[in-house]
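J.: Chains G and W, in that order, are what the protein sequence lines are.
In terms of the working numbering, the first sequence has 141 at position 136, counting the first letter as 1, and numbering is strictly consecutive.
In terms of the working numbering, the second sequence has 75 at position 22, counting the first letter as 1, and numbering is strictly consecutive.
There's no promise every hint is true.
Within a straight-line C-alpha distance of at most 27 Å, the following computed DSSO-like cross-link-like pairs (lysine-lysine) qualify [stated by the list, open to error]:
| no. | chain 1 | residue 1 | chain 2 | residue 2 |
| --- | --- | --- | --- | --- |
| 1 | G | Lys-162 | G | Lys-262 |
| 2 | G | Lys-16 | G | Lys-291 |
| 3 | W | Lys-179 | G | Lys-67 |
| 4 | W | Lys-185 | G | Lys-181 |
| 5 | G | Lys-249 | W | Lys-164 |
| 6 | G | Lys-67 | W | Lys-164 |
| 7 | G | Lys-181 | W | Lys-179 |
| 8 | G | Lys-67 | G | Lys-181 |
No wet-lab data here; the hints were simulated from the structure.
Since this is a predicted model, take the numbers as computed values, not measurements.
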Amino acid sequence: MKGDYAQAVEKALAGTPGARGVARAALSVLSTRCYGLLGYVPARGSRLLEAYLAWFLFEDLKRVLRAKSAGVEVDSGALVPVPLEQDGVDLRTVIDAPTLDDAVAHLQKKGIGGLASHIGDGGGPGGISTAEAAIDRAFFGRLLSLLPGVPDEGEVKDALVAEADLAGVVAMADLKCRDLPGEAIRSAAFEPVSLSRYQTSSLLESSVDSFSEAVSKTRFSRLAQAFADSLAPGGEGNLDHLMKAELQRQARTATVKAANSFAYVFGYIRRARAEADNIVSLATGKELGLEEDEISRALCL
Amino acid sequence: MSLDRGAASKGALQRAREQLGFLERGNDVLKMKRDQLAGDLNALLRELESRESVESLFEDAFRAARASFAELGYDRFASMAETVTPMEVQALPISSVGVIIPDIRVTVVPKAEEVPSQSLMKTATKLARALKEGIALGVLETKVEQLARELMETNRKVNALEKVVIPRYRATIRYIEERLSEQALQEFFVTKRMRDITREGRERSKT
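Using the sequences plus the hints, can you model the full thing?
T.: Here is the structure:
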């Protein structure tokens, strides 16, 4: 491998051989690259960027909560290295929490609300999947609240709202596949801000079969067929790939259209994330001896 | 059960006849068991045809797992897989015509509804189904194997009784009967000769 991956991969492979080591190196490089941006952004935008980078922390939190929920030990080596303590959330405290409820209580105190109603003793239907949707909801909610006053506010808002809303729609579709009641979906999934109340209600009230039709009446109409393919029983597509591909497309557009704007930073981070994901897929696919077309299907190009 | 050809007595004949009767009854019971086992085995053999469909379920799950691994990487795959509830099974030894067969029942089916990734949820669902069907097939194959082994053993016993033990007892009984008949004839001649000698002596003393 060339570039800044070379050293990280070499170091990672010494500790963890194979594709797992390459994947950890890729995530480590991604984290370093993204957090390194904080030194270059104007002060007015640094809080928003920090909140955007909390994605890494939230991914780690999800992993910790899954392990806590299953009652297994957290594999610290598999976590994405996060150099900052963000929003007062101390990942170590969550990892060391003796029970899932203690971990959830810590997060509740730090503003990631609503988790207790999804997992732990008082958990409702959906369990960890709704809790993860609620974590995303908290993430995007906080992100959008920090938009006012940032440089190039309009372009940044367009980029982040598009991402947040897509995540919300995908979360709704995903939770619908799990046969969860509408109320549980409403309380867990991020409510798209760019959609009208009627459009959101249509999405929430539609069945799995008619979800793509409801999507076709929103700003995500071009994704209606992809949703239909992903939600069809035995369908080839899947929502995770749909989301990644669309984010990659948005990022590509943002990095071309807003090359001199603050919005470029967010496009760059998404593309860096996609690049790291592709490296993980390539390394894992090669190690498993997958055919070229099988690996290609896992990539977001 | 020993066969003593030397002791050709009425007592030995009686004992041999009793033992032969016991062996013949035992042979009939074993034949009934053999028929029952053959019937059971025959019925199960038809079910064994499900192996092909179970194998295709595993192949499908394996393909899906490889695709999920490639999409998520090992670490994310492992982390998300933790949300699948573990499968629970109960192993019970069941006796069928005296054959102990291990029966494994899936008491708790793994639930994949909480797996955060949709592709992994599909993979986990496929794998859970394949595992459940695979366990059922494994139990079926073990049952067939045990029944086939027992059938072979029973068949060997029936053959040994029919072709070796019972014919040998019959031969022994025939031998004892012949010996007893020879003895009876010999005694008859001895008695007759004695009577003739006695009669000749008595006539000689008269003259």
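J.: Does each hint hold? Answer for all of them.
T.: Okay, the hints, checked on the actual structure:
{"no.": "1", "hint": "Lys-162/G x Lys-262/G", "result": "holds, 14 Å"}
{"no.": "2", "hint": "Lys-16/G x Lys-291/G", "result": "holds, 20 Å"}
{"no.": "3", "hint": "Lys-179/W x Lys-67/G", "result": "holds, 24 Å"}
{"no.": "4", "hint": "Lys-185/W x Lys-181/G", "result": "holds, 26 Å"}
{"no.": "5", "hint": "Lys-249/G x Lys-164/W", "result": "holds, 26 Å"}
{"no.": "6", "hint": "Lys-67/G x Lys-164/W", "result": "holds, 19 Å"}
{"no.": "7", "hint": "Lys-181/G x Lys-179/W", "result": "holds, 19 Å"}
{"no.": "8", "hint": "Lys-67/G x Lys-181/G", "result": "holds, 20 Å"}
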